[in-house]
Amino acid sequence: MKKNLLFVLIIVLSTISCTDNSNNSFNQANISFNFKHNWDGTSITNSDFNTIKFINSNGENLSIERLRYLISKITFTTSAGEKLVFNDYNLVDLTYASNLSYNLITTIPIGTYNNVSFTFGFDNDANYNGNYADLNSVSWNVPAMLGGGYHFMQLEGKFTDNNTQETGYAYHVIRAVDNTGDSLIFEDTFFEVNFGSVTISDDTIFNIEMNIAEWFKNPNTWDLKVLNNMLMPNYDAQIMMFENGQNVFSLESIEQ
Amino acid sequence: MKKLAIHILLIIFIILSCSNEDVQQYAPTPSLLKIPELFENNILKPVIPSDNQQTVEGIELGKKLFFDPILSGDKTLACADCHAPENAFTDSSRFSEGIDGSLGKRNSMPLFNLAWNYDENFFWDGGTFSLEHQAFIPVSDPTEMKNSWKQLQQELQKHPEYPNLFQKAFGTSKIDSTLVTKAIAQFERTLISANSKFDKYLLGEVILTPEEVDGFNIFMEETKGDCFHCHGSDKNPLWTDNIFHNNGLDETFTDLGLGTITGDPADNGKFKSPSLRNLIFTAPYMHDGRFTTIDEVINHYSEGLKNSSTIDPLMKKVAQGGVGLSIQEKSNLKAFLLALSDYDFIGNPDFIND
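Protein chains in written order, with the working numbering: chain A, 1 to 256; chain B, 257 to 610.
Simulated from the structure, these hints should not be mistaken for lab results. Only true hints are included.
Away from chain B, derived, C-beta distances all over 10 Å, residues of chain A:
no.	residue
1	Lys36
2	Lys83
3	Asp203
Straight line, CA to CA, 27 Å or less: simulated DSS-like cross-link-like pairs of lysine-lysine:
no.	chain 1	residue 1	chain 2	residue 2
4	A	Lys217	B	Lys573
5	B	Lys573	A	Lys225
6	B	Lys573	B	Lys480
7	A	Lys225	B	Lys480
8	A	Lys53	B	Lys562
9	B	Lys331	B	Lys430
10	B	Lys573	A	Lys53
Every residue, glycine too, gets a C-beta built ideally from N, C-alpha and C.
So that you can see chain A by itself, here it is in the shape it has in the complex (with noise of 0.2 Å):
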């Protein structure tokens, strides 16, 4: 009988042990990001891809065949200003449907946060001063000759001028650079996205949409004929891209 309580004493110590561990136990929550996508409200997965199938501001046809960004620094902010910041950087491949879920490494306390926010692509600090392995060894470099760093996005896809013959297209955001004078002149086109304020009570999933037609339509309405490829080098472009990504990211919903 004593023997028996013994292994029961150990059973519940065990169970209790592991529940301590696996969620907020501690005050601390598990924090994840979904990434999803749509076009003006519809939906978006890659099966969605290689057709013809969207309109944009400027009336273009079009379709997506490829679609990758890069978020970082996601940031955490306290009623008291405090930032936690997440040095880490999720390469989000929609083409593959790869890292549409991304975990933070570490917990947070739960509580109430002023303010949570990633950067689109990377800050100049994480763009320069890091030399990422896992983002080389799938070609998100940007040319030495561009200032190198780091792509921001590959959107490409086909569009028809007026239903006629399909040209390819390549949204490739990057840092703008003026690379016509001597020396390159770079402006900044990293942005600051910004969810506002939230109550984490428990382990919480942000689910973030992505209105790719946002990239064609506010406040530039893009217009493919003149702008479909080559564009990294291209800086009015590039600025022209920074300020339709204004919109483009928005939170869904919050899970916990």
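Guided by the hints, dock chain B onto chain A, whose structure is given.
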């Protein structure tokens, strides 16, 4: 006390019974891949399956098998006949000849840096997953070695040397296709090429000619060659993305490439980007070996592109046939590409039949 003694005896008996002769003999020597400095510094680690770690004995066995025509139905054709060291492990034919004279429909692929194919999709169409499985295919392919695995296993089993070599490599003298392909894959993973002039330039050991520098710039410039999006860069020394593209060879397809494997029409006409290393040794070029010179390849991208529904969006100015490089630009681009030639690789005694 009596019980305790019995327990101890039982444990000793179990330990002794586990230590049979085979286990004592099976002690292969680990052999880590020699990862080149540029690879170590810039890209992810190679893919080594947990169930097929590199060993000295496994590599030696794989090398012997790779060069041994015993693998073919009539004992005339070895892996090395279509994947010759002097050709960076491809051959100079447009289509390789099988044992009965029949031709395949694809150009033999060169073999190097295979452990860095992170997705592990091999062949021009990605039709096989893992290097081990890749090695499985040619033995029974009727246009290649035209053997049967059953027959090959029997012949290897009867061979005066192989059973002992398998014993040393894998701890069993019972030979099967799994162990044969594991050994060949181990050898193939050692085929590392990273000592070209351009590699040495990146390591600060040599300088490039002005033509080679300009050629590299054309390679990297989006408004010129724009090769880097699919073919690596100074930061990706594999010189391939190891994925599949339609690079504008044809308006209609006689060979669907990746589309044959996936069944998705959007993949028709897509083939794996080959590495641009060692081009001087690997002619002819493209999946069907249609181009016999590097000049023809450059001309294709410059003014020979053909449009089709699946052409890669990165193929620009398709309506004009391509990016339209000048004669000087083409010449310099070629000079750069030739700087990716690794003469040490094709002369490496570890990779040549003893």
